[in-house]
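Novice: Below are the chains, spelled out letter by letter.
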Amino acid sequence: DAKTTQPPSMDCAEGRAANLPCNHSTISGNEYVYWYRQIHSQGPQYIIHGLKNNETNEMASLIITEDRKSSTLILPHATLRDTAVYYCIASTGNQFYFGTGTSLTVIP
Amino acid sequence: NAGVTQTPKFQVLKTGQSMTLQCAQDMNHEYMSWYRQDPGMGLRLIHYSVGAGITDQGEVPNGYNVSRSTTEDFPLRLLSAAPSQTSVYFCASSYDGQGSGSEKLFFGSGTQLSVL
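Each protein sequence line maps, in turn, to chains G and D.
Our numbering puts the first residue of the first sequence at 64, with every later residue one more than the last.
Our numbering puts the first residue of the second sequence at 77, with every later residue one more than the last.
Looking at chain D on its own, in the form it has when it is part of the complex (with noise of 0.2 angstroms):
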């Protein structure tokens, strides 16, 4: 199993550009979710999904899009990217996240974002 797979690895845009960032698990998750971490901080929550079709809010959401259509991947879209999304990106999934205690987090290997 490859477990959970970002791409890219690294990634320099300008200001207004748009583009995508992928993330896909081969681990059957129901459960897959978005994460950015700036310097000296904790990763703060973008986005998340229970479930295909399923998409909500978490503490930093303006500037994103996401979409599921599939169980497997779980896209975020920077619409007109700005200097203050320079930031690593995380995503992660889990079993089903509906607190049946089974949501051990699994997180990919990020990606580094910088928008000049």
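The following block holds chain G by itself, in its conformation from the complex (with noise of 0.2 angstroms):
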């Protein structure tokens, strides 16, 4: 599977939107992008995937370049709560990679 990279830390003020980018420049045509967060020392939480189209969910939206070889996870209103580790990982399924990570912090 693909490998990504990502930003090791972000800050985002309270109310706005947060922006993660990611980048996974070998991804091949069967692999899907994931992202998954986690809180404090709690198991991984799903967010959202997709393949080629952009995606929306109650929880964040997914936007996948063209060329796929990058993606930017919003959270459109960050709260406090949303403060974590965010993943993204590219997948075909059945082996996920999760690297480090974007630590992710929402300023009050």
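These are calculated hints, taken from the structure and not from any lab test.
Misleading hints may appear alongside valid ones.
So the derived label-pair ranges between C-beta atoms look like this [claimed, not checked]:
id : chain 1 : residue 1 : chain 2 : residue 2 : range
1  : D       : ILE130    : G       : GLY78     : 20 to 30 angstroms
2  : G       : GLY78     : D       : ARG153    : 16 to 26 angstroms
3  : D       : LEU155    : G       : ILE170    : 18 to 28 angstroms
4  : D       : SER160    : G       : GLN108    : 39 to 49 angstroms
5  : G       : THR163    : D       : LEU155    : 26 to 36 angstroms
6  : G       : ARG144    : D       : GLY79     : 13 to 23 angstroms
7  : G       : ALA76     : D       : GLY129    : 49 to 59 angstroms
Even glycine gets a Cβ: it sits at the ideal position worked out from N, Cα and C.
Take the two lone chains, each set in its own frame, and fit them into one complex as the hints suggest.
Specialist: The structure is reproduced here in structure tokens:
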């Protein structure tokens, strides 16, 4: 599965949109882009995933570039509860490599 | 539904002891997996299974054994614990793990293991 690259940390003001980038330049055609987050030492929580098209659900939006080499997770109105480590993963679905993710801090 | 249940939540072992970390899911998921997470690091895949009777290795399989005799259970065995295996262990499951695009992983709450 393709490796992903994420910035180690980001800050975001409460109420503003949080835009978390991910680079997956070696992604193959059958690999999906998944996003998970981990709050404190809890088990990671699924956020969203997509193949080619942009996706939106009740938690977030996922924007995938046309060449699929990068993506952005958007939390439209960040709250303090969104402070977590966010993982971007490229996978066909049977091996998920989490990497070290982006530590997002939402600032009051 | 209970989801993914891991037991125990905490365990302390002495070097050389053996133990089994239990993982059970009640969602009829075909795919199950084990991860370890060391301080300040992401999760690393130990072993996974795409169905009963089928297991495969992940990134860091050495020192761990698994088996999958039923769809519901996927135990992780440490045959001779070492201090390097001190970590938090997470079990996760998903619908099928066959690349259908339905692979949302559901995680258990983790087992904190210390090997002295």
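Novice: Give a verdict on every hint.
Specialist: Going through the hints against the structure:
1. Evaluation of the 20 to 30 angstroms hint for ILE130 of chain D and GLY78 of chain G yields a failure: the beta carbon distance comes to about 47 angstroms.
2. Between GLY78 of chain G and ARG153 of chain D the Cβ separation comes to about 48 angstroms, which falls outside the hinted range of 16 to 26 angstroms.
3. Separated by about 47 angstroms at the C-beta atoms, LEU155 of chain D and ILE170 of chain G break the suggested range of 18 to 28 angstroms.
4. About 28 angstroms separates the C-beta atoms of SER160 of chain D and GLN108 of chain G, a value inconsistent with the hinted range of 39 to 49 angstroms.
5. Roughly 29 angstroms separates the CB atoms of THR163 of chain G and LEU155 of chain D, a value that falls within the hinted 26 to 36 angstroms.
6. The hinted range of 13 to 23 angstroms is satisfied by ARG144 of chain G and GLY79 of chain D, whose Cβ atoms lie roughly 20 angstroms apart.
7. Remark: the range hint 49 to 59 angstroms for ALA76 of chain G to GLY129 of chain D is upheld by a beta-carbon distance near 51 angstroms.
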